[in-house]
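S.K.: Quick mapping for you: the protein sequence lines, in order, are chains A and B.
Position 242 of the first sequence, counting from 1, maps to 242 under this note's numbering, and the rest follow consecutively.
Every position in the second sequence, counted from 1, becomes a number in this note's numbering once 322 is added.
Hints are supplied without guarantee of correctness; some may be wrong.
[Unchecked claim] In silico DMTMM-like pairs for lysine to aspartate or glutamate, Cα to Cα no more than 25 Å straight-line: (1) B/LYS500 <-> A/GLU295; (2) A/LYS178 <-> B/GLU610; (3) B/LYS342 <-> B/ASP498; (4) A/LYS178 <-> B/GLU617; (5) B/LYS342 <-> B/GLU425; (6) A/LYS20 <-> A/ASP82; (7) A/LYS178 <-> A/GLU203; (8) B/LYS342 <-> B/ASP352; (9) A/LYS20 <-> A/GLU103; (10) B/LYS500 <-> A/GLU288; (11) A/LYS178 <-> B/ASP498; (12) B/LYS500 <-> A/ASP176.
[Claimed, not checked] Residues from chain A shown here face chain B by an in silico Cβ test under 7 Å; the list is partial: (13) PRO39; (14) THR40; (15) ASN137; (16) HIS162; (17) ALA165; (18) GLU167; (19) ILE168; (20) MET171; (21) PRO181; (22) VAL255; (23) ALA256; (24) ASP258; (25) LEU292; (26) MET301.
The hints are simulated quantities; they were obtained by calculation from the structure and are not laboratory data.
Being a predicted model, the structure only gives us computed values, none of them experimental.
Ideal Cβ placement from N, Cα and C applies to all residues, glycine included.
2 protein chains.
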Amino acid sequence: MDRGNGPERLVAGVDVGGTKVAVLIVDDHDNVCSRLTVPTILNGPESTLAGIVAAVQEAVGRAGADISDVAAVGVGVPGRVDTETGVVRSAVNLGWREMPVGEAISARLGVPCFLENDVRMAAIGVQRYMGSSANRNIAYVSIGTGIAAGMILDGHIYRGAHGLAGEIGHMIINRDGKRCPCGARGCLETVAAGPAIAALGAEAAASGTPTILRDYGPVTTEAVYSAARDGDAAAQEITRSVGCYLALALQQLIVAYDMECIVLGGGVSRAGEAFLQPILSELAHLRENSALTTEMIQPDMIRLLPPNYEAGPWGGVMLARG
Amino acid sequence: MDRGNGPERLVAGVDVGGTKVAVLIVDDHDNVCSRLTVPTILNGPESTLAGIVAAVQEAVGRAGADISDVAAVGVGVPGRVDTETGVVRSAVNLGWREMPVGEAISARLGVPCFLENDVRMAAIGVQRYMGSSANRNIAYVSIGTGIAAGMILDGHIYRGAHGLAGEIGHMIINRDGKRCPCGARGCLETVAAGPAIAALGAEAAASGTPTILRDYGPVTTEAVYSAARDGDAAAQEITRSVGCYLALALQQLIVAYDMECIVLGGGVSRAGEAFLQPILSELAHLRENSALTTEMIQPDMIRLLPPNYEAGPWGGVMLARG
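Only chain A is shown next, with the shape it has when bound in the complex (with noise of 0.2 Å):
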């Protein structure tokens, strides 16, 4: 598929989501010339993708431009993507099971379109923010309602021979631990992902433990980081957990791969420091009186990604831009 070479200056970036679709539309400046957010629409594989055609044709609108003005667009799907071809091959959340959603967008709007798993997209964006600073090995793990790694290696996304790399949320961390929703036991999502620390969060207000957990309603992940940030006890013994068992796949991951840096995103990384800070310390205490691990696990590798900056949609942007 070719890029557009004529006048046409801008691109779009578009980062699909369970729940919504946020749209970039940016200049050869890195001008951001209109941003949208919509609800994703969810009532059948068709609407799903004629909402995303509406949101990039609304965003075009709004930066007083025309389609015609547009390049090509990059789009990131939660689920699995051929980039070659452009099929998405499954996206559970969206309904989409092998669907050529890429021609689709590209001949509905009149642009070429690239697809990227949403996650390894949000890397890629990253990889944008860093700059020359950190660019050639990283990673980009988001921690969420899943857990799951993009990684930059030798500069270039890095897909695996099935498209299937960065599962990082199965690795097995507790051999005879829970049974995981894909059918695995002890996988690192049943310990550290948004579900398993609201899950938590509740046996802790259930139990006998004082603890203001007991003060909320339904227990969310966002309440067990408030109720650690304000000094509970039982709320602080989930997140030193969570992050003993994140910095145990990281430390995993960095001995084997040799990263100059790894950015954490996705909904539970939004508690901030109350989510980084148990990472780093059990980090610090993993690579205690070992010169290897302390050489490659530098304290400052290890970053939150800035909760303003669109990781998604800036992925996007430079994947439309090739």
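For this one, chain A is given, so just place chain B on it according to the hints.
M.R.: Chain B only, in chain A's frame:
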């Protein structure tokens, strides 16, 4: 550095180990013109270097050729190597530190010399061996005195941000486990490398458990696998535990990096099926009930390096060809 492009048609692959130096002289039709293995000279950094140069010269002579027939030399070194400059940063077993080995070999032989870490070089040899069946995303994992991986990602050797990629022997697998020589606790090497296996064997022999390991003088890794093969329950318990830990580490590598194939080599792997089967049976257990890991971890993707295939020297040959 230019590779010669005159009438010379031979290349040399050189695998430098802590005990021996193996040289392969190969023509451009992949015919082996000579192979030579000599002990590594270990009485000083300079002697070690001179011994390697002499080994290449002798191997070339045995091939009935002259060094002027050799287009390039690829050399693998057990340590940290700057592949751009040919400087060995550190190779503890050879007593090399900040030593310009590539330049020195090149000057003495009058032939371009390309340096690489030994396990990574062996991974290139494995990539050649796999041919087109699987050569884009593979890991070669060497399990011997230490444990390390050489990785081919998207068809290219992967070195990481600081040339330290593949240090999987120091993945922390058991946070509260034994202290590793690296200083950290619970590294994979503390539970699955050769010295750990021999130590577990010696413990079993010294304990009250009935085991034929008592009949061995010092209990070696080979003894443990041999006893396991003979049905000794204590030895089988050890090989099962080693298999569990290695399977866990491989599972983590595979779900994160979506490999086509992982080839296992190194001294411990020479125990063959007695070594491989416990790993495969634990992997089968781990992927039980999980569609995702079943897809990512195919039963035939974990293989043993054929014991007579010279992965290191062949990797050197490929390196020399560029």
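S.K.: Take the hints in turn and mark each one as holding or not.
M.R.: Tested hints:
1. Restraint check: the Cα-Cα separation between B/LYS500 and A/GLU295 comes to about 21 Å, which is no more than 25 Å; the hinted pair holds.
2. The hinted pair formed by A/LYS178 and B/GLU610 meets the criterion: a straight-line CA distance of about 14 Å does not exceed 25 Å.
3. With a C-alpha separation of about 36 Å, the suggested pairing of B/LYS342 with B/ASP498 is violated against the 25 Å cut-off.
4. Of the pairs offered as hints, the one joining A/LYS178 and B/GLU617 holds, with about 21 Å between alpha carbons and a cut-off of 25 Å not exceeded.
5. Only pairs whose Cα atoms come within 25 Å are accepted, and B/LYS342 paired with B/GLU425 is accepted, the gap being roughly 21 Å.
6. At most 25 Å may separate the alpha-carbon atoms for a hinted pair to count; A/LYS20 and A/ASP82 meet this at roughly 22 Å.
7. The straight-line distance between the Cα atoms of A/LYS178 and A/GLU203 is roughly 14 Å, inside the 25 Å bound, and the hint therefore holds.
8. Between B/LYS342 and B/ASP352 the CA atoms are separated by roughly 23 Å; this keeps the pair inside 25 Å, and the hint holds.
9. Of the supplied pair hints, the one linking A/LYS20 and A/GLU103 holds, its CA atoms being roughly 21 Å apart against a limit of 25 Å.
10. Among the hinted pairs, B/LYS500 with A/GLU288 is consistent with the structure: their alpha-carbon atoms are about 14 Å apart, no more than 25 Å.
11. A C-alpha spacing of about 20 Å is found between A/LYS178 and B/ASP498, which places the hinted pair at or below 25 Å, so the restraint holds.
12. The suggested pairing of B/LYS500 with A/ASP176 holds, with an alpha-carbon distance near 20 Å, which does not exceed 25 Å.
13. Evaluation of the A/PRO39 hint against chain B yields a violated restraint, the C-beta minimum of about 29 Å exceeding 7 Å.
14. The closest approach between the C-beta of A/THR40 and any C-beta of chain B is roughly 24 Å, which is over the 7 Å cut-off, so the hint fails.
15. Here the hint on A/ASN137 is kept, as its CB sits about 4 Å from the closest CB of chain B, short of 7 Å.
16. Interface restraint check: A/HIS162 against chain B, minimum CB-CB distance 6 Å, threshold 7 Å, status holds.
17. Interface hint at A/ALA165: satisfied, since its Cβ lies 4 Å from the closest Cβ of chain B, which is below the 7 Å cut-off.
18. With a cut of 7 Å, the hint placing A/GLU167 at the interface with chain B holds, because the nearest CB-to-CB distance is about 5 Å.
19. Interface restraint check for A/ILE168: the shortest CB-CB distance to chain B comes to about 5 Å, inside 7 Å, so the restraint holds.
20. Below 7 Å, beta-carbon pairs count as interface contacts, and A/MET171 has one with chain B at about 5 Å; its hint therefore holds.
21. At its closest, the beta carbon of A/PRO181 sits 10 Å from a beta carbon of chain B; the interface hint therefore is violated under the 7 Å criterion.
22. Taking 7 Å as the C-beta contact cut-off toward chain B, the hint placing A/VAL255 at the interface holds, the least distance being around 5 Å.
23. Hint status for A/ALA256: holds, given a least beta-carbon distance of 5 Å to chain B, under 7 Å.
24. Because the smallest distance between the Cβ of A/ASP258 and any Cβ of chain B comes to about 2 Å, under 7 Å, the interface hint for this residue holds.
25. Below 7 Å, beta-carbon pairs count as interface contacts, and A/LEU292 has one with chain B at about 5 Å; its hint therefore holds.
26. Taken as an interface hint, A/MET301 does not check out: its beta carbon lies about 9 Å from the nearest beta carbon of chain B, beyond 7 Å.
Violated hints, in rising order: 3, 13, 14, 21 and 26; the structure is consistent with all others.
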